[in-house]
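Peer 1: In case you want the letters, here they are:
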Amino acid sequence: MNQRAVNPITLEVVRNAIFAIAEEMSAVVMRSARSPLLKEAGDLSSALTDARGRLIAQGKDIPIHLGVMAFTVKEFLTRIPRRQLREGDQYYLNLPEVGGNHLPDVKAIRPVFAAGRLVAFAISLAHWADIGGAVPGSYVPWATEAYQEGLRIPPIRVFTRKGAEPSAMEFILGNLRGREEREGDLLAQYAANEVAARRLGELFERYGVRTVLACFDRFRAESEAQMRAAIRAIPPGSYEGEDWVDDDGIEDRPIPVRVRVTIRGALAHLDFTGTGSQAKGPVNTTRFVACSAVYYSLKALVGPDIPANDGCYRPVRVAVPQGTVLNPSSDAPVVGGNHETSQRVVDAIFKALAPALPERITAGGPTTSGLLLFAGRRDGRWYILYEVHGGGEGAAAHRDGGHAVRVHMSNVMNTPVEVIEAEYPIEVGRHELRVGSGGAGAHCGGLGQVRAYRLLGEATLTTMLERRIVPPWGVFGGAAGLPYRITLERDGAVREVKGKETLPLRPGDLVTIESSGGGGYGAPSARPAELIENGYR
Amino acid sequence: MGLSRRIGVDVGGTFTDLVVCQEGGSALRSLKVLTTPEAPARGVLEGIRAIGPGADRIAHGTTIVTNAIIEGRGAVTALITTRHFRDVLEIARQNRSDLYRLDLSPKPPPPIPRRFRFEVTERVAADGRVVVPLVKEELPALVGALQALGVEAVAICLLHSYAAPEHEAWLKEALTHTIPYVSASHEINAEFREYERSVTTALNAMVMPLADRYLADLEASLAREGARGSLHLLQSNGGMMSAQAARRRPLAMAVSGPAGGVAASSHLARALGLRHAIAFDMGGTTTDVCLIADGVAQTLPQRRLGGHPIRLPSLAVESIGAGGGSIIWLDSAGALKVGPRSAGARPGPACYGLGGEAATITDAHVVAGTLRPDALLGESIRVERGRAEAALVPLAARVGLPLAEAAAGALEVANAAMLRAIRLISVQRGFDLRDFVLIAYGGAGPLHAGRLARELGMRRVIVPAHAGVFSALGCVVTDLAYDRVQTYRASLGAMTSEDLNRRFLPLDAAVAEPLGAEGYGLDAITLAPSLDLRYLGQNYELEVPWRGDLNVLRRDFEALHTRLYAYATGEAIECVNLRVRALVATGEVRLPEWTGSGTGQPFSEHRAYFPETGVTSLPVYRRDDLALEQPLKGPALVEDPWATTLIYPGQRGQRDRFGNVHIEISP
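Top to bottom, those sequences are chains B and A. The opening position of the first sequence corresponds to residue 9 in the working numbering, with each subsequent residue numbered one higher. The opening position of the second sequence corresponds to residue 615 in the working numbering, with each subsequent residue numbered one higher.
If you are wondering where the hints come from, they were derived from the structure by calculation, not from laboratory data. On a predicted model such as this, the values are computed, not experimentally measured, just so you know. Any given hint might turn out to be false.
[Stated by the list, open to error] Label pairs and their in silico Cβ distance ranges: (1) A:Ala1173 <-> B:Gly388: 44 to 52 Å; (2) A:Tyr1181 <-> B:Ser338: 34 to 42 Å; (3) B:Gly516 <-> A:Ser933: 45 to 53 Å; (4) B:Glu178 <-> A:Arg1266: 48 to 56 Å; (5) B:Asp339 <-> A:Tyr1181: 47 to 55 Å; (6) A:Tyr1181 <-> B:Ser175: 19 to 27 Å.
[Unchecked claim] Taking lysine to aspartate or glutamate pairs in the EDC-like style, the calculated list, with each CA pair at most 20 Å apart, reads: (7) B:Lys170 <-> B:Glu191; (8) A:Lys951 <-> B:Asp225; (9) A:Lys951 <-> B:Glu232; (10) A:Lys786 <-> A:Glu752; (11) B:Lys68 <-> A:Glu752; (12) A:Lys786 <-> A:Asp826; (13) B:Lys82 <-> B:Glu232; (14) B:Lys506 <-> B:Asp517; (15) A:Lys786 <-> A:Glu751; (16) B:Lys288 <-> B:Glu105; (17) A:Lys786 <-> A:Glu766; (18) A:Lys1247 <-> A:Glu1226; (19) A:Lys951 <-> B:Asp313; (20) A:Lys951 <-> A:Glu1026; (21) B:Lys68 <-> A:Asp712.
Note that CB positions come from ideal geometry on N, CA and C, so glycine has one too.
Based on the provided sequences and hints, a complete structural model is requested.
Peer 2: As C-alpha cells, then:
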C-alpha cells in the first residue's frame, strides 16, 4: 500500500470528485439507456476500481450490487490478463460466474490509463430489458438450465480506441430482442465509462498519479478501519442461523440456507456450509450475490454509513461451498435466486446475529419480490406487467414493523392502480392493508397488503415469490407473520396458486394476493400499554 | 392602472426583508427587521410599518406552510376515498426511504392516520365511466363520524377522479355546510397516480385552517395600519397568488423558501438580456441552486417535503447542506469535512462572538483573509479575527497544515460539494455551462462564486445590486402565476391540432376563473399551455410547451428528449397530461439606476491567502464607491452592508449602471 501522506484537503476534493464521477456515470446511463427499468427503477450501478480491480467508489450503493461490483473487475482480470488491455478498450460481460448475478445485468468495463500505466477501471452495470432466452423479457421461471435464461456473454472486447468492433457488437445485438433498444443500452454504458475515463484523466492530470492513487488507498483504509470498528461492536462468538427457501418450483420441498457467523475481534467469518444443494429450478444464485447479502447485512446492522469499497469488505470472510444453491455450477438457472434466495441469506444472518445484536436486528419480513407477472395481448400488442408486492416489515427492539413495504435487498416501487387500469386489461378491485397479518409481540410485525386483479382478457400469470410456505419469523417470543397467499377465483370456485407457477387466465378471473405480515419482536404480553392500534386490528 | 407602490416582504429564519418600489419608477428602498418566529405576522407588520404602509400591493413570501408540514403540525383532518382504497395513503409506493437504516421507520407516517380515513361506495373507471354510482345515502353516517372525531378539514380523493370529478364535487358540496375546510383532489391536482394525488390533497387540507388564520390575521392588521392594497403570496413555482387563492391552495406555498431569490434572478437575467443563468444562493445553513434557461427558471411537477411527495409545480431547486455557518470538522479517520451541521444564526460562526466555538466556513474566510473582520454583517454583528483563528488552530494542527492553508482548504472542500450540485442541475441535464452566467447572492454566495465559476468553465458571475434583500425583491418583480393540470391520455397520432386546442378550453377557463373573480380581465391574462408527453409505453414524461401545432410539438419533444437523454427515436408519442399556467403581468418593475457616489477609490487594503498566490495584498472597495464600469483587477474585495464580493486573482470585475457587480473569468 502506498503509505505516502496525502494532504487532507486534496483527499477530500478527490473523494468528492470520484463520487461525482460515479454519479455522473449513473446519470449518463439513465439519460441515454433505453430499457424502462433503468429509467424508472434505477436498476443500475456505477463504480470505479483501482488497477487490481479493488473497488474504490460505488455510486448509489444498491444492496444487490454490493458484492457484484466488489468482484466483477477482479474476476474479469482472471480471464483477461492486464497486459492485453489498451487505452480506449471496453469489454462487456454478463456471465454470472464472472463476478455476476444474473444474465440481464450486463457490465461494461473500461481500463483507465495515466502516464502510460493502468491506474483504474470504470465499470457500469445496467439491467437490460431483454437478454434473449426462452421468453420476451428473459424472465423464465420454469428454467432448468442457464441456457434457457438468455445469451451468455463472456468478457468480450466491444470497443477499442478506434471505435466499436462491429463483429462483437453484432454478436451481442443479433441475439437479443429489441435490437435498437439494446443498442441504446449498450451505447449508454459505453458513454458512461468514457465520461468516467475523461474525468479520471483530469483528476490524475491535476493532482498527479501518485497522489490520486494514495487517495484511493486512503479511502479503502478508512472504510476498512470503520468496518473493523463496527465488527468489534458485535460481541465475539460463533452464531448460527438458518432459514428456508419455500421450494424451487420444480420440487416441492424447502431448501435450507445455513450460516455460521464467527466474530473474532475485528474479523467476521461467514460460513454457509450446510446450505442446501444446487436446485433444479431458478432459485440458485452466485456466491457474489451471497456476498452482496452478507455486505448488506453488515452495513445495515453495524455500519450504515460506511462507504462501500474494497476496504470495507476486507475484515469480512465469506465461505460458500460449491454445489450449493449459493454457488451452483455455471449451467444452473439463477433468474429468481437473485431477488429471492439473496433475501434468505439475509434472514439466516439476521437470525444468527439476533442474540448478539438484539437492539439492531429486525424480525422476519417480506424477504421476497412477491412477483406476479401478467402477460397477454391488448390491441394486438404484447404486454408484460411486473407486479411486486411488499409486505409487513419485521418488528424491532424499539418500534413496530412498517406496513406494506420492501425490505433488505430490494426497494422497487409499486405500480399505481390508475396506471394499471389505464394501460392494461386488468382492473384492481382492492388495494389495502391486510389487517391481522402482522405477528404479535412486544413490538408487532407490520401489516401485509391485499391487491386483487380482475382480468378483462386472456393472459398468462407467472408467479415467482417466497414466504408463501415458510412464514416471516418472529423473534424473542414474538409470533411469526402470516405468509403470502395467492388465490384464483374463477366461476365462483377459489383455488390457491403456488409461489412458482405459470397458468393461463381467462376473462373474469380474479387473482388476489395477500402479502405476508412481519414477524413480532418480544413476547406479546410485554407490549407497552401506550401503543394504541389506531384501528388496525 | 396608474403608478403603483409595491412592498415585497420575505420572512427568513433570522431577518424579515422588505423592499418598496414604484412601478416603472427608479427608486427602490429596502429594510431588514428581525423575524418573530413565535408570531410570524408581527415581524411582517413591524417591517411594513417601518417602511411606510401605503401600498397598492403587498407581495409576501412566508414559510408557515413549509414549517407546518416539516413539523407535522396541521389541522385534525380526515380523508374520504373509494371503498377498498383507504390505505393508499399508508401503503404509499411501498419503497423505503433509506436502504440501510433499520433504526428508522421505513416510511414517514401517513399524514392522516387510519381511523381518520373513510371510504364511500362508488367507482369510476380509467376512462371516466361510472362503474358504481356514488351511494349518497352513506353521507349522514359519514358526517356524524367526522363530527364525532372533531374533524376540521377534509380531503376528498376518489379513484380516477381526474377523469370524472362529479362524485368528488358532489361530496365537497355536501360537506361544505358542516366542515369548515374541504379540499377535493380534482381541484388541487387532477392528475393520475393515486398516491401522489392523495398526499397532495391531504396535505393541502391539513394546512388550510392555519393558512386561513394567518392570512386573516395579517389582513386585519394591515387594514388597521391603513395598508389597503391587495395581499399576494409567493408560491413554490416562483409566481404570486392572491390571498383568496392561497386560502384554497395553501400547499402551493410549501417549497416557496428559495423561490423569491430565483424569481429575482430570472428577472435580472431578462433585464440584462442574458439567456441562461444559474441562480446560486449560499446562505447560512444551505445552498440552493436553480437553472434558468431562456430567462425562465426550470420547474418540476413534484417535490418532496418532510418525506412526502407534493405534486404541485415547483422551481427545480437543488439544495445542499453547506453554507457560511457550516461547521468544519474532522471525522474519525482524520478527514476534513464541512457540514451538514451548521452553527446557524445562533450561536453562529465563532468569529461573531455570540457563543459559537466551532469553526465554520465564515471563520475560514476571515482567517484566509477573504472576509475582512471589519466587514459589517447586518450592522448588528462585528467579526473578530481572533475568535476565528482560535477555532481553526486545533483543526489545522491536526491535519498538519499552516493555518491559512487549512482555512483555504476548508473553503475548497465546501466548494467541491457546491460544484457537484451545480453540475447535477446543468451538465447532467444536458446543458453546457459555458453558455451560463452565475448569479450569486445570499450572505456567502458572492465570496464563493468566482472560484466556482472558474472550476465550472463559466465565464461570468453577477452579484446583484440588491443581493441583501433579493428574496423580497423577487416578490415584487414576479407575476401572478396559477397552474392547472388535467390528465388526458391519447396518442398524438390520433389527434389534430384543433382537437387539442378544444381540449385545453375547459382548463383555460378553470385556471382563469379565480383571476376573473379577482378583477383581472381576460386581456390581462396570458395562458401558457403545455403537455406532458412520452414515447408510447414509456413510464416517464417530459413537459413540452404547446404552440398550437402538432408537428412543432413533436419536434420540440424530440429536441428536449435529445437534450436530456441524448437520443430521439421518432416512435409514436402519447400525451398523458395537459397543463396550463395563467400569468398576469402586474406591471413592469424596472431596476433602478445606481446612485452611488462613484469615487472609484478603495477605502482600505487587506491581506489574504490564495493557494495560487500565497499571501497577497488586495484593495477593498465599497460597492457604493465604485464608478460605472471602472475596471477592477482581482484579487479585490467589494463590500456592501450585507455581503462581500470576492474577485479572485486573475479575474476582472466592474459595476454596471444598475449597481450589479460583474466578474469576468477568462478561460
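Peer 1: Hint by hint, say whether it matches the structure.
Peer 2: Results for each hint:
At about 31 Å, the beta-carbon gap between alanine 1173 (chain A) and glycine 388 (chain B) misses the expected band of 44 to 52 Å. A beta carbon spacing of about 35 Å between tyrosine 1181 (chain A) and serine 338 (chain B) agrees with the range 34 to 42 Å that was offered as a hint. Checked against the hint of 45 to 53 Å, the C-beta distance between glycine 516 (chain B) and serine 933 (chain A) comes to roughly 51 Å, which is consistent with it. The hinted range of 48 to 56 Å is satisfied by glutamate 178 (chain B) and arginine 1266 (chain A), whose Cβ atoms lie roughly 55 Å apart.
With their beta carbons about 37 Å apart, aspartate 339 (chain B) and tyrosine 1181 (chain A) fall outside the hinted range of 47 to 55 Å. At about 24 Å, the beta-carbon gap between tyrosine 1181 (chain A) and serine 175 (chain B) stays in the expected band of 19 to 27 Å. Between lysine 170 (chain B) and glutamate 191 (chain B), the direct Cα distance comes to roughly 18 Å. Compliance with the 20 Å bound is thereby established for this hinted pair. For the hint pairing lysine 951 (chain A) with aspartate 225 (chain B), the CA-to-CA distance comes to about 18 Å; that is within 20 Å, so the pair holds.
A hinted pair counts as satisfied when its Cα atoms are at most 20 Å apart, and lysine 951 (chain A) with glutamate 232 (chain B) qualifies at roughly 19 Å. Using a Cα cut-off of 20 Å, the hinted pair lysine 786 (chain A) and glutamate 752 (chain A) holds, with the two alpha carbons roughly 14 Å apart. At roughly 49 Å between alpha-carbon atoms, lysine 68 (chain B) and glutamate 752 (chain A) are farther apart than 20 Å, so this suggested pair is violated. Note on lysine 786 (chain A) and aspartate 826 (chain A): the hinted pairing holds, with a Cα-Cα distance of about 18 Å set against a maximum of 20 Å.
With a C-alpha separation of about 18 Å, the suggested pair lysine 82 (chain B) and glutamate 232 (chain B) falls inside the 20 Å cut-off, and the hint holds. With a C-alpha separation of about 16 Å, the suggested pairing of lysine 506 (chain B) with aspartate 517 (chain B) holds against the 20 Å cut-off. Between the alpha carbons of lysine 786 (chain A) and glutamate 751 (chain A) the distance comes to roughly 15 Å, so the proposed pair stays at or under 20 Å and holds. About 17 Å separates the Cα atoms of lysine 288 (chain B) and glutamate 105 (chain B), which keeps this hinted pair within 20 Å; it holds.
About 14 Å separates the Cα atoms of lysine 786 (chain A) and glutamate 766 (chain A), which keeps this hinted pair within 20 Å; it holds. With a C-alpha separation of about 16 Å, the suggested pairing of lysine 1247 (chain A) with glutamate 1226 (chain A) holds against the 20 Å cut-off. Restraint check for lysine 951 (chain A) and aspartate 313 (chain B): satisfied, since their Cα atoms lie roughly 15 Å apart, inside the 20 Å limit. With a C-alpha separation of about 11 Å, the suggested pair lysine 951 (chain A) and glutamate 1026 (chain A) falls inside the 20 Å cut-off, and the hint holds.
Between lysine 68 (chain B) and aspartate 712 (chain A), the direct Cα distance comes to roughly 11 Å. Compliance with the 20 Å bound is thereby established for this hinted pair.
The structure is inconsistent with the numbered hints 1, 5 and 11, although it conforms to all the rest.
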